[in-house]
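Novice: In case you want the letters, here they are:
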Amino acid sequence: MLFKVLGKKEFTTFIELLLNDTEVIAPKQVGVDTSGKPLHQYLPVQAFTEIDLSYETTEYSAKTYFLPFRENLSTCSFLDMVWDRQIKYRVQPRAIIGLHACDINALLKLDKVLAGDRFPSPYYISRRKNTFIVGIDHDPCEGGFCQAVGADVVTHGFDLYLTDLEDRYFVAINSERGFNVLQRVKTREPTARDNNDYLDVRRRIAGQFKPLEVHNLPNLMDIEFESKVWKKWADKCLSCGSCAMVCPTCYCYGIEERVSMDNAESAKVKQLYSCQFLDFAMVAGGHNFRPDRETRLKYRYYHQHRGFVEAYEEPLCVGCYRCGRVCLAGINPTDIIGDLQTEYQE
Amino acid sequence: MTSLFRPYYIIQESEMAQPLDYNRRSRLKHVDQVFRSEIINIIPLTDMEKLFQLRILDGAERERFSFLPGQFVMVEVPGYGEIPISISSSPSHKGYIELCIRRAGVVTGILHKTRRGAVVGLRGPFGTHFPIERMRGNHILLIAGGLGLAPLRAPILNVIENRTDFHDVHILYGTRQPDMLLFNYQYEEWNRISDINLKVIVEQGDESWTGPVGLITDLLKKIRLEPLETYAIICGPPVMFKFVCAHLQREGIPMDRMFVSLERRMHCGMGKCCRCNIGSTYTCLSGPVFDYWTVMNLKEAI
Numbered sequence: 001m002l003f004k005v006l007g008k009k010e011f012t013t014f015i016e017l018l019l020n021d022t023e024v025i026a027p028k029q030v031g032v033d034t035s036g037k038p039l040h041q042y043l044p045v046q047a048f049t050e051i052d053l054s055y056e057t058t059e060y061s062a063k064t065y066f067l068p069f070r071e072n073l074s075t076c077s078f079l080d081m082v083w084d085r086q087i088k089y090r091v092q093p094r095a096i097i098g099l100h101a102c103d104i105n106a107l108l109k110l111d112k113v114l115a116g117d118r119f120p121s122p123y124y125i126s127r128r129k130n131t132f133i134v135g136i137d138h139d140p141c142e143g144g145f146c147q148a149v150g151a152d153v154v155t156h157g158f159d160l161y162l163t164d165l166e167d168r169y170f171v172a173i174n175s176e177r178g179f180n181v182l183q184r185v186k187t188r189e190p191t192a193r194d195n196n197d198y199l200d201v202r203r204r205i206a207g208q209f210k211p212l213e214v215h216n217l218p219n220l221m222d223i224e225f226e227s228k229v230w231k232k233w234a235d236k237c238l239s240c241g242s243c244a245m246v247c248p249t250c251y252c253y254g255i256e257e258r259v260s261m262d263n264a265e266s267a268k269v270k271q272l273y274s275c276q277f278l279d280f281a282m283v284a285g286g287h288n289f290r291p292d293r294e295t296r297l298k299y300r301y302y303h304q305h306r307g308f309v310e311a312y313e314e315p316l317c318v319g320c321y322r323c324g325r326v327c328l329a330g331i332n333p334t335d336i337i338g339d340l341q342t343e344y345q346e
Numbered sequence: 347m348t349s350l351f352r353p354y355y356i357i358q359e360s361e362m363a364q365p366l367d368y369n370r371r372s373r374l375k376h377v378d379q380v381f382r383s384e385i386i387n388i389i390p391l392t393d394m395e396k397l398f399q400l401r402i403l404d405g406a407e408r409e410r411f412s413f414l415p416g417q418f419v420m421v422e423v424p425g426y427g428e429i430p431i432s433i434s435s436s437p438s439h440k441g442y443i444e445l446c447i448r449r450a451g452v453v454t455g456i457l458h459k460t461r462r463g464a465v466v467g468l469r470g471p472f473g474t475h476f477p478i479e480r481m482r483g484n485h486i487l488l489i490a491g492g493l494g495l496a497p498l499r500a501p502i503l504n505v506i507e508n509r510t511d512f513h514d515v516h517i518l519y520g521t522r523q524p525d526m527l528l529f530n531y532q533y534e535e536w537n538r539i540s541d542i543n544l545k546v547i548v549e550q551g552d553e554s555w556t557g558p559v560g561l562i563t564d565l566l567k568k569i570r571l572e573p574l575e576t577y578a579i580i581c582g583p584p585v586m587f588k589f590v591c592a593h594l595q596r597e598g599i600p601m602d603r604m605f606v607s608l609e610r611r612m613h614c615g616m617g618k619c620c621r622c623n624i625g626s627t628y629t630c631l632s633g634p635v636f637d638y639w640t641v642m643n644l645k646e647a648i
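Here the protein sequences come in this chain order: D and V. With the numbering used here applied, the first sequence corresponds to residues 1 to 346, in that order. With the numbering used here applied, the second sequence corresponds to residues 347 to 648, in that order.
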């Protein structure tokens, strides 16, 4: 990896360069919660001042720019009983500024499923390759357990990655595209002091995480398959699906056909779904393979912490804790994993 | 000033320009593109099920389309939706494929109302298949319950076409009532012409029913097996294949010589939508055909 040092003033110039050239998505404060804490989202911005890189976390992940909540897969036009199909892929370039390590790691996990060697998705790949990603290091967010699932450090999946050294940024360059864009502004080679400061910041960040025991979790999930823990938490679950909506790695979906009012056109629409919804696994004829909340909640965790590990040697969860924050019933991954770990110790 | 980012056009990738072939799973392709297919014949089987014969309209696409017994296709009726259906015809048959479809929901409902000549979309084939090649030189048990005969018909026809490769072939088929029997016009051919031991049983007989009444396992008990030289394919509801497999296991057939086909909700067929997950195994990629050992290890399967 190549590294450069970028002054704060040059960074402003750099962002303005992007703003003048392309659509820029960045963390933006959208309000405050009931306790006065600022709320952020990844949204399109027009000016440098709209961007708040000191944000702790965003309510939604940035996955919507790669896997939109609703996407037209194809449209069909009907003419004299004959139908014809059109497919379009999104190609407009876009830049996302200020993604945290967990969200970039989430994209790498999505890449495995959606851009891997089994039916790669042109819809996803087209969006992914047309998105320029600038990540940034940050202090751990409240509740986040990314370190426990190995998602607090990121070594690829981005174009540039910034670490704030107070008066300057330490920049990791991971693509030719990133290298070329960075050449438009003044940078310098890192000195021994820059390297030292960078490593100090990384150490400071790494030391702040609260530990979460995830040792042997895939096997534990199998042993705890009939555990009372699932019922305890599922009894509170409202099956609203919010956890999947805010999750940076949940990718499951449903397809529905939408017909225009004049019956001249129909669209095959992909809409992100949630495994917590009642009809998630219901088949024609009415049989439901996951009729109760307990089973559905369990399989969300099963997929993230066991199934994905089996397939890709790593959990699907990146520990961003958005699901825990958004849940109206107070269901959260740290407490569930904690309960599973301690059930046999009591 | 030149633009910072050159747009990436995925349609310019050479793989995208290749003819559409779902058997090349690792290749980039228009995953939502369909083979336009014409319904050439509709054969009513029972009150609930019809057999649809579909021909891919484009000659080159039709020539390229190939599948193995046990695989399925996604059938799309534009404006209504898309559903997974297992293929009921023989893989060696090139001109058209046959799909046995029960009237159960929106898409199957409109298919049952549609007439010969209608054009639908077809994607596939998807999923795993019954390893018929591996079964050569052995006895074959083909066991179906209810609608399970639809996916089982492909391996049945495949075995019949290669009858000399196998020793004894048994087809056991059970339904609830006699009027629910599928493909009853073909039993004679399978039984007599193809030298196959075909036995049909129903749970409840009616006035005209002269055959045996009971469960499919009753038929199984009457067959003398050579367990280490036998392969079994079982298609039917979970409760049925669970009992059948347990029986066969007691008889000594190894679990990796028994194959079942599982049914799940599917929206993509390509391991993306997660709707068919059993635990976290994709039925569309690792299934729908599984050996029984794998099924035993899928906690949600039965």
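Mixed in with the good hints, there may be bad ones.
Cβ-to-Cβ under 8 angstroms is the rule here; a few derived chain D residues that face chain V [stated by the list, open to error]: (1) 2; (2) 3; (3) 5; (4) 86; (5) 111; (6) 119.
The list that follows gives simulated cross-link-like pairs (lysine-lysine, BS3-like), each with its CA atoms no further than 30 angstroms apart [what the hints assert, rightly or not]: (7) V:567 x V:545; (8) V:440 x V:396; (9) V:459 x V:396; (10) D:88 x D:232; (11) D:8 x D:186; (12) D:232 x V:568; (13) D:231 x V:588; (14) D:88 x D:4; (15) V:459 x D:228; (16) D:28 x D:8; (17) D:4 x D:37; (18) V:375 x D:129; (19) V:375 x V:440; (20) D:8 x D:129; (21) D:129 x D:112; (22) D:28 x D:210; (23) D:37 x D:88; (24) V:375 x D:112; (25) D:37 x D:228; (26) D:231 x V:545; (27) D:186 x D:210; (28) D:28 x D:186; (29) D:186 x D:9; (30) V:645 x D:228; (31) V:568 x V:545; (32) D:210 x D:129; (33) V:396 x D:112; (34) V:567 x D:88; (35) D:210 x D:232; (36) D:236 x V:645.
Hints were generated in silico from the structure; no laboratory data involved. Please read all numbers here as calculations on a predicted model, not as lab measurements. Just so you know, even glycine gets a beta-carbon here, dropped at the ideal spot from N, CA and C.
Novice: Holds or violated: residue 8 of chain D with residue 129 of chain D, Cα cutoff 30 angstroms?
Specialist: holds (28 angstroms)
Novice: Just to be careful, I want the Cα atoms of residue 459 of chain V and residue 228 of chain D compared with a cutoff of 30 angstroms; is the pair within it?
Specialist: violated (48 angstroms)
Novice: Against chain V, run the beta carbon of residue 2 of chain D and see if the smallest gap drops under 8 angstroms.
Specialist: Result: violated, 18 angstroms to nearest chain V Cβ.
Novice: Would you check whether residue 86 of chain D satisfies its interface hint, that is, whether its CB is within less than 8 angstroms of any CB in chain V?
Specialist: It is violated, given that the least Cβ distance between residue 86 of chain D and chain V is near 10 angstroms, above 8 angstroms.
Novice: Starting from residue 375 of chain V, check that the Cα of residue 129 of chain D is at most 30 angstroms away, please.
Specialist: Measuring from Cα to Cα gives roughly 16 angstroms; hence the hint holds.
Novice: Mind checking the alpha carbons of residue 396 of chain V and residue 112 of chain D for me, to see if they're no more than 30 angstroms apart?
Specialist: Status violated; Cα separation ~40 angstroms.
Novice: Given the proposed pairing of residue 28 of chain D with residue 186 of chain D, does the C-alpha separation stay at or below 30 angstroms?
Specialist: holds (26 angstroms)
Novice: When the nearest CB of chain V is found for residue 5 of chain D, is that gap smaller than 8 angstroms?
Specialist: violated (21 angstroms)
Novice: Just to be careful, I want the Cα atoms of residue 88 of chain D and residue 232 of chain D compared with a cutoff of 30 angstroms; is the pair within it?
Specialist: violated (46 angstroms)
Novice: Is it true that the CA of residue 568 of chain V sits at most 30 angstroms from the CA of residue 545 of chain V?
Specialist: holds (11 angstroms)
Novice: Taken at face value, is the distance from the CA of residue 186 of chain D to the CA of residue 8 of chain D at most 30 angstroms?
Specialist: Roughly 11 angstroms separates the two Cα atoms, so the pair holds.
Novice: Are residue 236 of chain D and residue 645 of chain V close enough, with their CA atoms no more than 30 angstroms apart?
Specialist: Judged against 30 angstroms, a Cα distance of about 24 angstroms means the pair holds.
Going through the hint list in order, the structure does not satisfy hints 1, 2, 3, 4, 5, 10, 12, 14, 15, 17, 23, 25, 26, 27, 32, 33 and 34.
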